[in-house]
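**Q** Letter by letter, the chains look like this.
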Amino acid sequence: MTVIQVEQLSKSYFVPEREAGLGAALKSLVRRKNREVKAVDAISFEIGPGEVVGFLGPNGAGKTTTLKMLSGLLYPTGGAARVLGHTPEKRERGFLTQVTLVMGNRSQLQWDIPALDSYDLQRAIYGLDPAGYRRTRDELIELMQVGDLVRKPVRNLSLGERMKVEFIGALLHNPKVIFLDEPTLGLDVTMQRRLREFVAGYNARTGATVLLTSHYMADVEALCKRVIVIHHGTLLYDGDLAGLSARFASYKTISASFDQTPPALDGYGEVVATDGLRVTLRVPKAETSRATARLLTDLAVVDLTVEDPPIDDVIEKVFSSPVVK
Amino acid sequence: MAIVRLWWNYVRVGVLGEVQYRVNFLVQLLQSAIALATGLIVLALIFSYTQTLGGWTGPELLALMGVHTLVGGLIHMSIQPNMERLMQDVQNGTLDYALIKPADSQALVSVREFRLWQGVDVAIGAIVIGVAVFQLREALGWEQALGFGLALLCGAGMIYAFWLILTTGAFWWVRMENLLELWQGLYSAGRAPVGIYPDWLRYGLTFLVPVAFAVTVPAEAVTGRLTLETLAGAVALAAALLIGARWFWFFGLKHYSGASA
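Those sequence lines, one after another, are chains W and U.
Start counting the first sequence at 1; every next residue gets the next number (this note's numbering).
Start counting the second sequence at 1001; every next residue gets the next number (this note's numbering).
Hints in this document: simulated from the structure, not taken from any laboratory.
For clarity, every value in this text was computed on a predicted model and none was experimentally measured.
A portion of the hints provided could be inaccurate.
When the alpha-carbon atoms are kept at most 20 Å apart in a straight line, the in silico SDA-like pairs for lysine to any residue are as follows [said to hold, decoys possible]:
{"hint": "1", "chain 1": "U", "residue 1": "LYS1101", "chain 2": "W", "residue 2": "LEU84"}
{"hint": "2", "chain 1": "U", "residue 1": "LYS1101", "chain 2": "U", "residue 2": "GLY1258"}
{"hint": "3", "chain 1": "W", "residue 1": "LYS38", "chain 2": "U", "residue 2": "LYS1254"}
{"hint": "4", "chain 1": "W", "residue 1": "LYS90", "chain 2": "U", "residue 2": "PRO1102"}
{"hint": "5", "chain 1": "W", "residue 1": "LYS152", "chain 2": "U", "residue 2": "ASN1178"}
{"hint": "6", "chain 1": "W", "residue 1": "LYS90", "chain 2": "U", "residue 2": "VAL1015"}
{"hint": "7", "chain 1": "U", "residue 1": "LYS1101", "chain 2": "W", "residue 2": "GLY132"}
{"hint": "8", "chain 1": "U", "residue 1": "LYS1254", "chain 2": "W", "residue 2": "ARG93"}
{"hint": "9", "chain 1": "W", "residue 1": "LYS152", "chain 2": "U", "residue 2": "ARG1012"}
{"hint": "10", "chain 1": "W", "residue 1": "LYS176", "chain 2": "W", "residue 2": "TYR202"}
{"hint": "11", "chain 1": "W", "residue 1": "LYS176", "chain 2": "W", "residue 2": "PRO49"}
{"hint": "12", "chain 1": "U", "residue 1": "LYS1254", "chain 2": "W", "residue 2": "ASN34"}
{"hint": "13", "chain 1": "W", "residue 1": "LYS225", "chain 2": "W", "residue 2": "ALA242"}
{"hint": "14", "chain 1": "U", "residue 1": "LYS1254", "chain 2": "W", "residue 2": "SER10"}
{"hint": "15", "chain 1": "U", "residue 1": "LYS1101", "chain 2": "W", "residue 2": "ASN174"}
{"hint": "16", "chain 1": "U", "residue 1": "LYS1101", "chain 2": "W", "residue 2": "TYR133"}
{"hint": "17", "chain 1": "U", "residue 1": "LYS1254", "chain 2": "W", "residue 2": "GLY78"}
{"hint": "18", "chain 1": "W", "residue 1": "LYS176", "chain 2": "W", "residue 2": "GLU89"}
{"hint": "19", "chain 1": "W", "residue 1": "LYS90", "chain 2": "U", "residue 2": "ARG1012"}
{"hint": "20", "chain 1": "W", "residue 1": "LYS317", "chain 2": "W", "residue 2": "GLU270"}
{"hint": "21", "chain 1": "U", "residue 1": "LYS1101", "chain 2": "W", "residue 2": "ASP129"}
{"hint": "22", "chain 1": "U", "residue 1": "LYS1101", "chain 2": "W", "residue 2": "GLU89"}
{"hint": "23", "chain 1": "W", "residue 1": "LYS38", "chain 2": "U", "residue 2": "GLY1141"}
{"hint": "24", "chain 1": "U", "residue 1": "LYS1254", "chain 2": "W", "residue 2": "THR77"}
{"hint": "25", "chain 1": "U", "residue 1": "LYS1101", "chain 2": "U", "residue 2": "LYS1254"}
{"hint": "26", "chain 1": "W", "residue 1": "LYS90", "chain 2": "U", "residue 2": "ALA1107"}
{"hint": "27", "chain 1": "U", "residue 1": "LYS1254", "chain 2": "W", "residue 2": "VAL37"}
{"hint": "28", "chain 1": "W", "residue 1": "LYS90", "chain 2": "U", "residue 2": "GLY1258"}
{"hint": "29", "chain 1": "W", "residue 1": "LYS90", "chain 2": "U", "residue 2": "GLY1252"}
{"hint": "30", "chain 1": "W", "residue 1": "LYS90", "chain 2": "U", "residue 2": "PHE1250"}
{"hint": "31", "chain 1": "W", "residue 1": "LYS176", "chain 2": "U", "residue 2": "TRP1247"}
{"hint": "32", "chain 1": "U", "residue 1": "LYS1101", "chain 2": "W", "residue 2": "ARG106"}
{"hint": "33", "chain 1": "U", "residue 1": "LYS1254", "chain 2": "W", "residue 2": "ALA242"}
{"hint": "34", "chain 1": "W", "residue 1": "LYS317", "chain 2": "W", "residue 2": "LEU241"}
{"hint": "35", "chain 1": "U", "residue 1": "LYS1101", "chain 2": "W", "residue 2": "GLY94"}
{"hint": "36", "chain 1": "W", "residue 1": "LYS176", "chain 2": "U", "residue 2": "ALA1107"}
{"hint": "37", "chain 1": "U", "residue 1": "LYS1101", "chain 2": "W", "residue 2": "THR136"}
{"hint": "38", "chain 1": "U", "residue 1": "LYS1254", "chain 2": "W", "residue 2": "GLY79"}
{"hint": "39", "chain 1": "U", "residue 1": "LYS1254", "chain 2": "W", "residue 2": "TYR202"}
Starting from the given sequences, assemble the full structure and let the hints guide the process.
**A** Quick look at the structure:
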């Protein structure tokens, strides 16, 4: 059974374009040139119930556009999406009561009043029964450890505190699908970790499906077994996080410890770090076995590990790839 | 009923927010008092030279001024703040949060803001109408009261539809503030009965920008000038504009691109 089903989904925008300068600006007043931009270009994937999937891509890759199409905010220009058996852009009540969206840089709570009053408003909009609503609200307040923060006007909360109360507001109706668009944006490390723990716990407890976009790889590594990589609007990778390195990393990292200062190791690979008697080498993936065997044969190695490069490096490599169109 | 419940909940939240800023109430009171005093002085000046203006007597024009103030209060209390917020939301991408709610999107974006203190103008407008009716020395019959209520409702409906159509343009043109500034200027023309204006302006203020239907027609009801044909025309135009605005809203929604993240 799939919760999210996406087939050849596309979204194009027409954006005005002109040369720099006053002359070009005046000319564009009379005759405006528009260029079609394919924000999302025929992507397909499926997500099952309870999955937490990381949606990765550089700025402008089409992540948020896809998320917004799946949550019914934007109309696709091609292809189709089904979420919980509904067509999102129809925005049926049965669909909207089962999904939620949290955006890291935007707030849905009323600025001048305490979050508790905004929660009451959510209850009215979603038509939640008062007893069930109070139970869920109090449970979320306890899980998020926000205590009396929900009684302060939202404008008096710090960014981290505001994100916590935002999360509670977004989950009051017990959604089955949660869209998280960079939810930890701008938060300090401790607050990021707390929100990650909350999302992981919520997913384990309720079985809600989570689709997360984030530029912080720590979010993705902590929460997502599966990642979907999108770049220039097209889907580059859909699989487990570990497989991402296997697919895109062209090298491996060999760390070797010696009991005495080793000779120059340039012949074995590119030396990227030396820390006392420990040396880290970067070796092309195809050469890894041969380089490891040579190191062990030629030198007195005390300890040796072969690892995939850090996920951030892999992602950076994927994102820096040129447009292939 | 769902929309009434939704509206009431937002009114409650709006009131909760407004009472945080008590100074706003005093400022609004002062502003309304100045506007009322200016209006009364202008009327007194005009009628020190003449007995009628475009066929309207002093008390009748006072009633018109009352309706103008009352309708202006309603616009500033609910219609304008909601449409301004809609424009900001389209610019900032925060409309996403309204669209993802399980409620009629047009209804939701039309009730989210409520400026309690603008109610001062509604109260002052109602008092001025009461004084004018007293000066006219004619008892307001139930037919006239009903006609006034219906005309006011149609006028408010037309102005809401007009604003919604303008604001929906933000889906394409994003910045619509200047057009709404233009509205303020045109609405002030409603302080005088539209009959005194040249034809081109009268038609403009009747059919393009429905100031005539929003102000002059309800004032006609209070002063016993309203004909059944005019009232029927107001109902028909209000219905047409409301249907048109709803269609245009959903058409515009398909062009919503959200602000980039």
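**Q** Does LYS90/W pair with VAL1015/U here, judged by a C-alpha cut-off of 20 Å?
**A** violated (33 Å)
**Q** Verify the proposed pairing of LYS90/W with ALA1107/U, using a straight-line Cα cut of 20 Å.
**A** holds (16 Å)
**Q** With a cut-off of 20 Å on the C-alpha distance, tell me whether LYS1254/U and THR77/W pass.
**A** Roughly 10 Å between the alpha carbons, so the hint for LYS1254/U and THR77/W holds.
**Q** Keeping to a limit of 20 Å between CA atoms, is the pair of LYS1101/U and GLY132/W held or broken?
**A** holds (19 Å)
**Q** Straight-line Cα separation of LYS317/W and LEU241/W no greater than 20 Å?
**A** holds (15 Å)
**Q** If you draw a straight line from the CA of LYS1101/U to the CA of THR136/W, is it 20 Å or shorter?
**A** It holds: about 18 Å lies between the C-alpha atoms, which stays within 20 Å.
**Q** For the pair we were handed, LYS1254/U and ARG93/W, check the Cα-Cα distance against 20 Å.
**A** holds (18 Å)
**Q** If you draw a straight line from the CA of LYS90/W to the CA of GLY1258/U, is it 20 Å or shorter?
**A** holds (17 Å)
**Q** Between the alpha carbons of LYS176/W and GLU89/W, is the straight-line distance 20 Å or under?
**A** holds (18 Å)
**Q** With a cut-off of 20 Å on the C-alpha distance, tell me whether LYS176/W and PRO49/W pass.
**A** holds (9 Å)
**Q** Holds or violated: LYS1101/U and ASN174/W, Cα atoms, limit 20 Å.
**A** holds (14 Å)
**Q** Would the pair LYS1254/U and ASN34/W pass a check requiring their Cα atoms to be no farther apart than 20 Å?
**A** holds (18 Å)
The structure shown violates the earlier hints numbered 5, 6, 19, 23, 31, 33, 36, 39.
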